[in-house]
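Enquirer: Listed below are the residues making up each chain.
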Amino acid sequence: MRDILYLAWRYLMRHRVLTVILVVAITLIVFLPVGLRVLVMQSEQELTTRAAATPLILGQKGSPLELALVTLYFAADTPPSLPYAECERVANDRLATAIPMHLRFRARQQPIIGTSLDYFDLRGLDVAEGRQLAVLGDCVVGATAARKLGVTVGDHVISSPENVFDIAGVYPLKMPVVGVLARNHTPDDDAVFVDLKTTWVIEGLGHGHQDMSRPEAAAGVLKREGSTVIANASVVQYNEITARNMDSFHFHGDLGVFPIQAVIAVPHDEKSSALLQGRYLGDEERVQVIRPLEVMTELLDTVLTVQTYVVTAVVIVGLATLATAILVIVLSLRLRRAEIATMNRIGGARTRVLAILTAEVVVVVGLGVLAAAGLTGLTAAYGSLIIKALILA
Amino acid sequence: MDSTRPAITINDLDFRYREGAFRLRVPSLTVAQGETVAVIGPSGTGKTTLLNLIAGVSVPEAGAIDVAGVDIAKLGDAARRAHRIRHIGLVFQEFELISYLDVLDNVLLPYRLDPELKLDTTARSRAVDLIADVGLADKHHRPVTRLSQGERQRVAIARSLVTGASMLLADEPTGNLDPRNKTKILDLLFDQVSARGVTLVAVTHDHGLLDRFDRVIDFETLEVTP
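First to last, the sequence lines map onto chains A and B.
When you line the first sequence up against my numbering, it's residues 1 to 393, in that order.
When you line the second sequence up against my numbering, it's residues 1001 to 1226, in that order.
Isolated chain A, as found in the complex (with noise of 0.2 Å):
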C-alpha cells in the first residue's frame, strides 16, 4: 500500500497545478453546501436562541426586525427613542418585569448598553471578575470587550463622541471599569453595561458641576434670582463621576420624558403577556410589541428560502465542476496510456496499477474533502463571527 501511495503522490506531484486545481474545486464542491448547511444551522441557532429567551419587546414604531436587531445583538441603526414613561407603564402595570435599554453610545466599537440589573438575571450574566454596578458612573464590561478594549477591573472606559465636529454634542465620559463579565458566546461579551442613568449622563441629561453656592464658584455666577442661580459658561463641569463629585450629579426635567431605545417585557405568565400585547394595538399607539422569536424566525425563512436557491445553484455548479473534473482525469489517463503500458508490460500486476491511479484519485479527492471539512470546522468555529457580519452588521 505505501508503494501504491508513493508512486500516486509522485505522479500528483509532478503535476502540482493540476492537483491543486482538482483539490480546490473538490473542496468547493463538497465545502459549499455543508459549509452553508453549517452556516444557516449557526445562524438558526443564534438568531433563535437569544430571541426565544426575550419574551416581548418594546419600542417606537417602525421596523421590527431592526428593533429586534439592536435590542437583541446591539446591531443595526440606532432605532427611535421612546420616553421612559413607556418602561414606567409597563411596570405599573405590574403584568411584566419591564427592563429599560438605552442603546445609543459607544465606547469605540463596544456598545454601551444602559439598563437595569434585572437584564443580568435575564441573560444569566455572571460577574467574573470585580463587583456588579452599584453606583452612577460604574460600568461592567463583557468578556470580549474587556480584551478588545484593553481593560480590567480598576480602569475606565470613556465613552465614545458621537460626532467629533459637533461641539455641543455627547461629551465623553469616563467611567469606571468595577467588574468584568463571565463569557457567555452571546453579543454580550461584547457590550460595556452601564445603569440607564449613566447613560443620560453621557447624552448630556445629567450632569455634575461646581457647587455654585461655594466661594470658589463664585466666578461662575451669571446671574443668581432668588434661590436660583445661572452660571456662565466657566463653571467647571465634571466627565468623570467620583466618589467626591457623585453628589453634584443630577437631572434636569422629568424623568419620564427622558429617552430609552427599548423595552424588554418579561411577562409574568402567558395571560399578561396576552394582555400586554393587547393594550398596544390601537392605530393611536406610537408604541409596538414584538415577539423576537417571530421576527427573527421570519427573518430565517428569508434566509432559508434564499439558502434553497443558492444551495441548488451550488449543487449545479458542483456537478458541472465533477464532470469536469472527471473529464480531466479521464483524459489524463488517455494522455498515460504508455506510461500504464510501461507498468504492464514490466510486469505490473494488472490491479496494482489500478490501484496505482486510484489511489491518485483516492488522494485528490481525500485532500479536497479534508480542506473541506477544515474550511467546516472553521465556518462552525467563527460561524458567529461570519452571521455577524452577513446579517447583523
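Everything labelled a hint here was simulated from the structure, so no lab data went into it.
The beta-carbon is built from N, C-alpha and C at its ideal position, and this holds for glycine as well.
There may be inaccurate statements among the hints.
[Said to hold, decoys possible] From the structure, some residues in chain A lie toward chain B, with a derived Cβ separation under 8 Å:
1) Asp3
2) Arg334
3) Met343
[What the hints assert, rightly or not] Covered by chain A, per the in silico footprint, the following chain B stretches (three or more residues, Cβ under 8 Å):
4) 1019-1031
5) 1080-1091
6) 1111-1121
Given the coordinates of chain A, assemble chain B onto it according to the supplied hints.
Expert: Frame of chain A; chain B shown alone:
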C-alpha cells in the same frame, strides 16, 4: 538457477494475432543460460512478437515456451506478469521510463509494482550500485526527463537488472541512439550481462553489431507466414 538447463526452450510455437493474418511459427529454439543472442530479420517478421512471447506479454495458440524453468504458455495472466517482473528484465527502444519519477525511483519501479519483491535496504543498495555501474552515480535524484537519450537507456538497463533477473530481453535497445551512444550502451549491456551471467536476447537491425553476440537468429530462416 540451474546453469546447465537452457534459459529458453521453445517447442512447436504457434502464434497469431486476433486480428490480421500475421502468424508466427517456431518449431524449436533453445537459448542457453548466459548466452547472448541477436534476433535479426526484416520488419514485420515477428522479432518483437517473439520477445513478447518469451516475456509472457503475448500468449501462443499452441506450443510450449519454457523460460527459467517455467512453461509460461500455461500460466494465467497474473502468474505470467509475476514471472516476468521477477525473472525477466526488459529494455525497450523507446526506454519507457516513468516521466514523473527520478532515476532511483525508475530503477526501483519493479519493486513498487510487485509486493512480493521486498523493497528493503538491500534492494535499494543494489539499485544504487546499478546506477553507479551504468555511469549515473551522481544522478540518483535527477528527473529522467532531464537526462539525455543515452542516459535514459542506461536507466532502463539498470531497471531491467535490479531484481536480479536471469534473462534480459532487449527490443532494439540502441535504435534511438546516435552512433557514439550506441557503442557505449551496447558495451554497457554486454558488460552487465557478462558480469551477472544473464541471458541476453536482443532484437536489432544493426548488422554491424552482430559479431558481439554468441549467436544470431535470422528470422528469414524461421517458418514465418506470410
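Enquirer: Taking a Cβ-to-Cβ distance below 8 Å as contact, does the stretch 1019-1031 of chain B have at least three residues touching chain A?
Expert: violated (count 0)
Enquirer: Given Met343 (chain A) as an interface hint, is its Cβ closer than 8 Å to any Cβ of chain B?
Expert: Given a least distance of 6 Å, the restraint on Met343 (chain A) holds.
Enquirer: Please check whether Arg334 (chain A) passes as an interface residue: C-beta within 8 Å of a C-beta belonging to chain B.
Expert: violated (15 Å)
Enquirer: Would you say the stretch 1080-1091 of chain B counts as covered by chain A, given the rule of at least 3 residues with C-beta under 8 Å?
Expert: Three-residue rule met by the stretch 1080-1091 of chain B, so holds; n is 8.
Enquirer: Grab the minimum C-beta distance from Asp3 (chain A) to chain B and call the hint holds if it beats 8 Å, violated otherwise.
Expert: Holds. Min distance 4 Å.
Enquirer: Is the coverage entry for the stretch 1111-1121 of chain B by chain A consistent with the three-residue Cβ rule at 8 Å?
Expert: Result for this restraint: holds, n = 6.
Violation of the numbered hints given earlier is confined to hints 2 and 4; the remaining hints are satisfied by the structure.
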